[in-house]
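These protein sequence lines map, in sequence, to chains W and Y.
First residue of the first sequence: 1, per this note's numbering; consecutive thereafter.
First residue of the second sequence: 1001, per this note's numbering; consecutive thereafter.
For the record, the hints were derived by calculation from the structure and aren't laboratory data.
Remember, predicted model here, so these are calculated numbers, not experimental data.
Okay, the calculated beta carbon distance ranges per label pair: (1) V275(W) / K1409(Y): 38 to 48 angstroms; (2) D98(W) / T1175(Y): 22 to 32 angstroms; (3) D98(W) / G1207(Y): 25 to 35 angstroms; (4) E1035(Y) / A178(W): 43 to 53 angstroms; (5) Q1311(Y) / T172(W): 45 to 55 angstroms; (6) G82(W) / E1195(Y): 24 to 34 angstroms; (7) V275(W) / D1405(Y): 34 to 44 angstroms; (8) G1207(Y) / V251(W): 29 to 39 angstroms; (9) E65(W) / G1229(Y): 18 to 28 angstroms; (10) T1046(Y) / F376(W): 18 to 28 angstroms.
Not everything, but these chain Y residues come out facing chain W in the computed CB check (under 10 angstroms): (11) F1042; (12) P1235; (13) F1297; (14) E1306; (15) E1310.
Which residues of chain Y face chain W? A few of them, derived with a C-beta cut under 8 angstroms, are: (16) D1015; (17) S1037; (18) R1231.
Don't be surprised by glycine CBs; every beta carbon is placed ideally from N, CA and C.
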Amino acid sequence: MARRNAVIRVLLVAFCLLSSGKWSGAQTNTPPTRADALHAERAAKAQALAPHHPNALESGLNFFEDRAVFILDREGFYPKLGSITVGSGFAYGLGFRDRDLLNNYGAVDMWVAGSTRGYFAAEGRVRFPELAHKRLLVEGWAGRRDYAGEYFYGLGTDSQRADQSDYGLRTTVFGGSAGVRPFSKLIVGGSLEYLHPSVGRGNDDSVPDVEDAFGEAEAPGVSQRADFLRTHGYVELDYRQPRYPRQGGFVRADVSHYEDRTTGSYTFNRYDFDVRQFVGFFAGRRVLGLRGFVSTTDEREGGVVPFYGMPTLGGNDTLRGFRMYRFRGPHALLLQAEYRWEIWSGLDGALFYDAGKTPLERSDLNFDGLERDYGFGFRFNTDNGIIFRADAGFGSRDGPHLYLVWGGVF
Amino acid sequence: MLVATDAAAPRFYPDDPIWTDDDRAFDASGVGTIEDSNGYDFVANTFSNPGERRDVRAPNVNTVDELPDSSWFTNRIGRRPMSVADVVRGPDQRDGVDMAGWVVSGGKSSGVQPGFRMTDSSGQTYQIEVDPSSNPEMASGAEMIGTALYHAIGYSVVEVYLTELDPKTLVIADTAMMRDPLNGKRRRVRPRDLELVFERAARQPNGRYRVLVSRFASGRPIGNFRYYGTRPDDPNDVVAHEHRRELRGARVFGAWLNHDDSRGVNSLDMLEAAGGRSWVKHYMFDFGSILGSGTVFAQRHRAGNEYIFEQRPGWLTLATLGFYIRPWMRIDYPDMPPSVGRIEAEVFDPQQWRPEYPNPAFDNMRSDDAFWAARIVSRFTDEMIRGVVAKAQYSDPKATEYLGDVMIKRRDKVVKAFINVVSPVVDAGLDADGTLRFANAAVDARAATPPAGYTLQWFAFDNATDTRRDVGDPVQVTSPEGRAPAELLTGSDFIGVRVSAAHPDHPGWSSPASFTFRRAATGWDLVGVER
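Chain W on its own, in the form it takes in the complex (with noise of 0.2 angstroms):
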């Protein structure tokens, strides 16, 4: 009897074990059903597990979207990166912000670079951006700026490019503004702006500095130097869809009371006019983007308008077939049209053409005798803007010319 039930126990044993899907591989080489096949393969990747390494790309990346971005763009102290002026080269420095300032209702940014021109600048602002449930801007700052080797090629549409010279333009600045937002795409404001410019010798050893180039009247505001008081209003309506606009349009006038509070000889205004219109067509993919800038000053109180005062032509956002600042006056007008074609989500491909004068005379501001160019570029865009540009111009009286640009034209 107790050897019956000691058999029994056994082959009851062995039948539990087969029909309980414990099986494993290897007992037998065929599993007697579908599930212990799945159960052993199962069994088998259980005695070689390891765990998940990232390799190079994926610990770069995720390095780069969970900390690096936060370097860039963190708060507190930042790395200050990109240029000062157009002009000035790659700068870089340290920066210290805060956006969380006031509850996240104001931001404060100081910072000081330097770039790979030898211009160097130091700045702290305040803003309150969305006062009053968005309606209110205000914002103050103080700064110093040192553009170590602006150009000069003379004054008017007769400029040539052999009398280059350049000069040194140190400022300190201080001032504040506000703004009234009547609704979300137009605001209308005002600012009050100490300035402190002085006029010295340039850093480019290459071209004679404009103080010995040219006289007090070629260039006014050579021998003297003033403090001025700014007052200034704009208007502004930006209607961009996105803000790298696919169709929209932006509009901004402002005026300016320039008052020479040293020798009353440099008093004057100024009046900018800035109309761009974009037209998208084939899902917004192919933009025609137009522009019509007209900057125009006048003296006051008998006194004329400082060279380092007036508007410029000529550079990597106005007239590209030309050097920086290569056109300056009293007066401006440009014209530019762009035509863009989305090559891949991100990039771009432009045509372009410009064209405008820095005449002597307010009369003079009319469609004759414009300094025009051509080119191409490519454009890396986000909705949000260009990040990079590279425009070549061409067909100027000055020769080809490529800008590699980190931000946008128009």
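Position chain Y relative to chain W; hints supplied.
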């Protein structure tokens, strides 16, 4: 399932076809977190071609070419009838949410849609998301629709509900933490953080905000799954994802619903535990960018039509200075309420549809995968679709009507495109007396006209050696039925029939579907299907 075994393994095991794959059998508590960044997911899938591209039958299908239930997929509308109410209800376990007593418990950890987290009095966590002010109801509506449909299809999804919220009533828990968007550091949630969320949100005329409430799934989040490879630390994950039927077939569902965001970073892996053992459950996640919704803006024109980076059209466009116009740029979308976003059905071509960037599982989709998915899509009736769209609660009836129309048209196109790529013969049954009956899925779905007839070739099958022997000559029948040769009924334990048809519009029908039957006590059981 088609598991690699040694040469002595039979083609059909005694338990075939299996309908449940026990991929919870081994403890997976040692798994780590895999959370891909958007940048890596894009770069890896666009430029490095991850995973294996191979024309191989999905290894995780059973022997009748269907999917067993698993941690990845639960057969629902594909296997059993579902009522309209069942489809509409989706994963929801309750009729709605009552936010009384809820507190804000954290910020939103990922995704572009603004939001935050809340916890109810029982400790259950929810994610709260708002619609963009430019397109009220758009993203939340898309989420409601996508969740219900993907649930009915068979994927695991989280419960989602719509409700209204008054920001003034929100209470922030003392322990609520978030990642500061300015510096990436964790800090306490402040009232201003919530103000910034609602500043970007669509506000209703009554001053409240419509929000999407997503109930956190049970378990511990461990990141996302990838559409290629396997988790090296999960013992249950043995089938390369680029070859899984439910991931390959998701291309068809993605085309139908314009789920251009079908990518690994929009999935969710949760580690669940019970009885001292843990396993990974895989969720489809984040349907804010389906149909006409691009989550925070209307769907872009390119979405569903071209990858973000696609070589040929780009080089053509560059070389022609933009004179080459991609076809999708010419699509004229009707003027619809902003809650619809941007979607249409007239120009839509399911065969040409693609997600934002290459997806290895989608690239591996074969005709049999597509057929399986198309059959599932064909089961969604007009009433089900309109019922699900109604669940999105668009305030403008024009939006409800248009989206329903578009989804029905896209369904019809998807079914017609993919159900005819192989022989659509299904549901084969063999009586004890040898009478064969079968159905035509394409004809039943009104995606094709009936053929003039079918060709049947009977065979005997040796399960031990995996060999077939044709019996008799091919037989022509004019209706979906036939009779097995008498000698076949007595000679073998496994017999089968290959069924093909000729249709002038569908050359794929000529490739036969093969059905194998195993002798059972009361007749013959279907044990194998091949297309």
